[in-house]
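Student: Residues per chain are reported as follows:
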Amino acid sequence: MDAVMNFGQGIFGGAWQAVWTLLKIVLIVAPLMLGVAYLTWAERKVIGYMQVRIGPNRVGPWGLIQPIADGLKLLLKEIIVPSGANKAIFIIAPMLAIAPALAAWAVVPFNDTLVLANIDASLLYIMAITSMGVYGIILSGWASNSKYAFLGAMRSAAQMVSYEISMGFSLICVLMVSNSLNLVDIVKAQDQGAFAAWGLGFLSWNWLPLLPMFLVYLISGVAETNRAPFDLSEGESEIVAGFHVEYSGMAFAIFFLAEYANMILISALTSIMFLGGWLSPVGFLPDGILWLFAKMAFVLFLFLWFRATFPRYRYDQLMRLGWKVFLPICLIWLPVVGIWMMSPLNIWK
Amino acid sequence: MDFQTFVFFALSAILVFAGLRVITARNPVHAALYLILAFFTCGGVWALLQAEFLAIAIILVYVGAVMVLFLFVVMMLDINMDRIRQGFWNYLPLGAVLGLLMVMEMGLVLGSKYFQVPAADALVPAGVSNTKAIGELMFTDYVYPFELASIVLLVGMIAAIVLTHRGPRPSKNTNPNQQVFVKAKDRIRVLQMPVEKD
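As given, the protein sequences belong to chains A and B, one line each in that order. Counted the way our numbering counts, the first sequence spans residues -16 to 332. Counted the way our numbering counts, the second sequence spans residues 3 to 200.
Isolated chain A, as found in the complex (with noise of 0.2 Å):
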């Protein structure tokens, strides 16, 4: 490692802090392109196997090489903006979707040492980021002068905005138990406890003691990414595709791997917040990266399951849910945690 510093010194001079940190961005946001793409096969598949059929099996092995035609083909496409449209706004919609995807990853951590900037409000900084990841769908579905896009832009604008509160409430009870917004720091706080101390240390991760938050916490991750069975937005059988309707090639696809990139991310932040990061889940192996992105696969694994499973929520349904089942959980589980701490009872010390 230090030789590749010491190369890099020589090479770019005083410029090689600002090389190696793009260097880190790409190391980042590479595998993870790749992860979207065979996200999209991993769907595929597992749906397939779960409705009794075989899924993409043509285009190499196991079907392995389809995403990479699929991308080539969109990228081949013709981009078409509608004559009725804004054509700015139109054009800008599909990066802002796409940025805050990417940029959440900046503080999003691997291990303890391995984060491309470990700052003290990471966590604020997660959830200020991914808010803005609605405006790309709205203004997508604004600036395409449709009607199926509009409607499916105010239906997920609505849904976004209503379960982002009862995500910071569960956010909050983490950040309680673990004083600190720090997500290294929350990690760390998770391997702390009764249960750690006794090799049993998936026991003492935040999912066992918060509970209600976790689940709260992981529907309204699904939900905040529009997927299934809260697509509402895209409600192929109501409003065609909802807001990217009007998109084409490459424009669409720049949605498509928000939406999955934004999957990708929620897992890391579950995996993080609530199941260790990239603790062991037994004493007697090490902890390393490859628990954290097992434990992601498994997360991303329960939203395919959901997609195959859930039929879509009616709109007042999903309202319903959000605002007068999960808000209450989320107001009363604040206090109850707040007691624990304060009682003798407390098993964060």
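Simulated from the structure, these hints should not be mistaken for lab results. Be aware that one or more of the hints could be misleading.
Unchecked claim - Covered by chain B, according to a simulated footprint, are these stretches of chain A (three or more residues, beta-carbon under 8 Å):
| id | segment |
| --- | --- |
| 1 | 97 to 107 |
| 2 | 115 to 127 |
| 3 | 140 to 148 |
What the hints assert, rightly or not - Here are the simulated distance ranges between beta carbons:
| id | chain 1 | residue 1 | chain 2 | residue 2 | range |
| --- | --- | --- | --- | --- | --- |
| 4 | B | Phe10 | A | Ala100 | 18 to 24 Å |
| 5 | A | Leu10 | B | Leu155 | 42 to 48 Å |
| 6 | A | Tyr298 | B | Ala135 | 50 to 56 Å |
| 7 | B | Asn177 | A | Leu285 | 44 to 50 Å |
Think of the CB as a built atom: it goes at the ideal place given N, C-alpha and C, for glycine as much as any other residue.
Got chain A; can you put chain B on it based on the hints?
Tutor: Structure of chain B alone, referenced to chain A:
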């Protein structure tokens, strides 16, 4: 000029430009988008002052929630720009007086001793997170103003609910007794309309 100053001037230039475009943009949606840009850049300026909690809070609250709802409403309004522009010259003197008054008030408040905190005093000692420092101040020294502000917000929230609440919704249960007495003329009205030409 060091890098920090350069970033400050770049952000300020964007902020001033966005602020001007908010009031000059013809399309209300564009104006709202420039306002979002202004808030975001403002967060950047605050981050330069090492107030990272406030910087993130303005983005989280204003960009992430308030402006989404604002944009939501602006998009659905059918705004006729010509009609809005009609009384521009009539209202300009009144608006200018109000604007000048606000500028003077701002100048007085910001120029007073209360806001002249030396930069060294405002810095949080190293190792203490910004969020923690604000939280401690808010719940010790400033607990009464803080509670007062939250009560004002609560009153505002209740007022908004009271203003938009239209009473309990009538039950949708059907009464078969009334249903069997229904007549065709209660349900259908046949209108005679002249044929529309053109």
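Student: Against the range 18 to 24 Å, how does the distance between the Cβ atoms of phenylalanine 10 (chain B) and alanine 100 (chain A) compare: consistent or not?
Tutor: Cβ of phenylalanine 10 (chain B) to Cβ of alanine 100 (chain A): about 20 Å, so the range 18 to 24 Å holds.
Student: Can you take a look at whether the segment 115 to 127 of chain A is actually covered by chain B? Rule is 3+ residues, C-beta closer than 8 Å.
Tutor: holds (count 6)
Student: Under 8 Å between beta-carbons, do enough residues of the segment 97 to 107 of chain A, three at least, approach chain B for the coverage claim to hold?
Tutor: With 4 residues close enough to chain B, the hint holds.
Student: Three residues or more, CB to CB closer than 8 Å: is that satisfied between the segment 140 to 148 of chain A and chain B?
Tutor: holds (count 5)
Student: Taking 50 to 56 Å as the hint, is the beta-carbon distance of tyrosine 298 (chain A) and alanine 135 (chain B) inside that range?
Tutor: violated (43 Å)
Student: Return holds or violated for the Cβ distance of leucine 10 (chain A) and leucine 155 (chain B) against the range 42 to 48 Å.
Tutor: At roughly 44 Å between Cβ atoms, leucine 155 (chain B) and leucine 10 (chain A) fall inside 42 to 48 Å, so the hint holds.
Student: I want to verify a distance hint. Is the separation of the beta carbons of asparagine 177 (chain B) and leucine 285 (chain A) within 44 to 50 Å?
Tutor: holds (46 Å)
This entry does not satisfy hint 6, going by the numbered hints stated previously; all others are met.
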